[in-house]
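J.: Protein chains in written order, with the working numbering: chain A, 1 to 314; chain B, 1 to 105.
Simulated from the structure, these hints should not be mistaken for lab results.
Just so it is clear, the structure is predicted and the values come from calculations on it, not from any experiment.
Be aware that one or more of the hints could be misleading.
With a straight-line Cα cutoff of 30 Å, these simulated DSSO-like cross-link-like pairs (lysine-lysine) come out [claimed, not checked]:
1. Lys237/A - Lys41/B
2. Lys204/A - Lys87/A
3. Lys41/B - Lys234/A
4. Lys205/A - Lys263/A
5. Lys36/A - Lys234/A
6. Lys91/A - Lys205/A
7. Lys205/A - Lys99/A
8. Lys40/A - Lys26/B
9. Lys26/B - Lys36/A
10. Lys41/B - Lys36/A
11. Lys204/A - Lys90/A
12. Lys234/A - Lys34/B
13. Lys87/A - Lys181/A
14. Lys9/B - Lys40/A
15. Lys237/A - Lys40/A
16. Lys237/A - Lys34/B
17. Lys34/B - Lys36/A
18. Lys234/A - Lys26/B
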Amino acid sequence: MSGFTIASIPREELLAPGHRMCQGCGAAIVMRHLLKALGKDVIIAHATGCVEVTTSLYPETAWRVPWIHVAFENAAAVASGIEAAVKALKKKGEISPEKKIKVVAIGGDGGTVDIGLQALSGMLERGHNILYILYDNEAYMNTGIQRSGATPLYAWTTTTPAGKVWRGEWRRKKDIVGIVKAHGVPYTATVNFAYISDFYTKLKKASEIDGPTFIHAYAPCVPGWRYEPHLTVKIAKLAVQTGIWVNYEIDGDSFRVTTPVSKRLPVEEYLRAQGRFAHLTGEEVEMIQKMVDEDVDYINKLAGSVVIGPVERK
Amino acid sequence: MSTLPGWRKIPRGAVILEPGSSVRYKTASWRVLKPIIDQDKCIRCRICWTYCPEPAILELDQQYTSKSGRVYRVTYTVDYDYCKGCGICAEECPVRAISMVEEVR
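Take the sequences, apply the hints, and build the full model.
T.: The following block contains the structure:
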C-alpha cells in the first residue's frame, strides 16, 4: 500500500454541485473522486449514460476539466482521436512536449460492456495512452432501468421482470475485466469507493502508465437497485464483504487482490438490502451463493492463495 | 424567460465555455430531510465530506473550539444550496454527529 489515506484526498472539487444525479448516487461519488485522483490535466471523452446526461444539461456543465460528450458507442474511439491529436500538436510544437495530458474515456456499463465494446477493443488493440473508466451501475439506469450485459443474475430490471416464469435477469454478468485483460493491456483494476485509499492508489497508478489502462468502478444506483439513498456506501461495503465484488488489480502479469476478506458474509445480506432482489426465493439465493463461491475460488486460484475466505454463517 | 440568448449569440456546436457552471442550478428543493452537524460531537474524520455525492459538505479552514476545549483547525458545514438530503453523511458518521431533521420551508 502506498500510504494514501482519507486525509490525503485533495480538497479542490473538479465536479461542481448543481448536477442532477440522484440523491445518494454512487456514480456521483465515483466521478468526484476520480477527478480528484486524476487532477486538472485531463481531457475526458464521456459516453452517453446517467452521468453524462445529468452533468451537462445545456447551457451548463458540472465539469471543471475539458470534457466532450460523445455518443453511446464511441467514447473510446473519440478518446483515441484526442490522444492522437495531442501527440500531433506536441510534435508541431503547439503544446509543450513536456506537458502531461492524460486522455480519459468514461462510460457506464451499457456504454462499455454492450454498445461501446467494439470501440473499446479497438482502443486497447491500438495501444493508445488512454485510461478507460467504467462506472458500473449494472443496467441502463437513466433511460428507465433496462438490463445490460453487466446486470447480475436474478436482478429485476424493467426488461427482465420478476414473475412466476421470469425470475429477473437469467444471464450472468459479463467479465469485462477478463475481456480487457485478454487484449494484453499493461494495467487493469476494479475499484470500490467504500475502500477509498485503494480507489485512489489504483487510479493514480493507472493514469501514470503510458498505454491503455482500464478501471472497473462499482457504482450503486438508488432507483435502479431499489434501496434507500442513505445506504449507498453500506451497500458498496457489503458487496466486498460478501465477495460479490472483489477489489483486485492485474499489473502486467501479476494478479493481486487488494482488499482481502478473511471471512465472507453470506450473499443474502447483500441481496436482501436491495429491492431488485426482493423476489428471490431461498433456493435462488443459494444459487447466487454457489455462483459467488465459484467466482471466489477462481479469484483465489489466480491469486495463488486464499485471499477471500469462506462464508461465515451467524 | 426572455433573457435567454438567441442562436446568433450562443457558441457554435453547443460548446459550454464556463466550467462548473452547474452551480447556478440549486438542488436544495430536492431535499425532504436536512442534515445538521453537531460541531461539538464532530471529530473531523472527513468521512461525510468524502462520501457526499454533490459535493455539498464544505471543508473550511475555520478554527473551532469544542465545549470540551478541543481545538480543531477545520470545520465541516453543509451547503444547503445543493444538499439533496440523501443522508449518506448521517449514516456514515462514526460518532453520529449528523442528524437528519424534517425541513420546515
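J.: Just to be careful, I want the Cα atoms of Lys41/B and Lys36/A compared with a cutoff of 30 Å; is the pair within it?
T.: With a Cα-Cα distance of about 28 Å, the restraint between Lys41/B and Lys36/A holds, given a limit of 30 Å.
J.: For the pair we were handed, Lys91/A and Lys205/A, check the Cα-Cα distance against 30 Å.
T.: 26 Å, holds
J.: Are the Cα positions of Lys234/A and Lys34/B separated by 30 Å at most?
T.: Answer holds: Lys234/A to Lys34/B is near 20 Å, not above 30 Å.
J.: Checking one constraint from the list: CA of Lys9/B to CA of Lys40/A, max 30 Å. Satisfied?
T.: 29 Å, holds
J.: Straight-line Cα separation of Lys237/A and Lys34/B no greater than 30 Å?
T.: 25 Å, holds
J.: Checking one constraint from the list: CA of Lys237/A to CA of Lys40/A, max 30 Å. Satisfied?
T.: 29 Å, holds
J.: Quick one, are Lys205/A and Lys263/A close enough, alpha carbons at most 30 Å?
T.: Holds - the C-alpha atoms of Lys263/A and Lys205/A are around 28 Å apart, at most 30 Å.
J.: Are Lys234/A and Lys26/B close enough, with their CA atoms no more than 30 Å apart?
T.: 27 Å, holds
J.: Would the pair Lys26/B and Lys36/A pass a check requiring their Cα atoms to be no farther apart than 30 Å?
T.: 23 Å, holds
J.: Verify the proposed pairing of Lys204/A with Lys90/A, using a straight-line Cα cut of 30 Å.
T.: Given pair Lys204/A, Lys90/A holds - Cα atoms ~23 Å apart, limit 30 Å.
J.: Does Lys41/B sit within 30 Å of Lys237/A, going by the straight-line distance between their CA atoms?
T.: Between Lys237/A and Lys41/B the Cα gap is close to 25 Å, so the pair holds against 30 Å.
J.: Check the hint pairing Lys41/B with Lys234/A against an upper bound of 30 Å on the C-alpha distance.
T.: Holds - the C-alpha atoms of Lys234/A and Lys41/B are around 22 Å apart, at most 30 Å.
Hint compliance for this structure: every hint is met.
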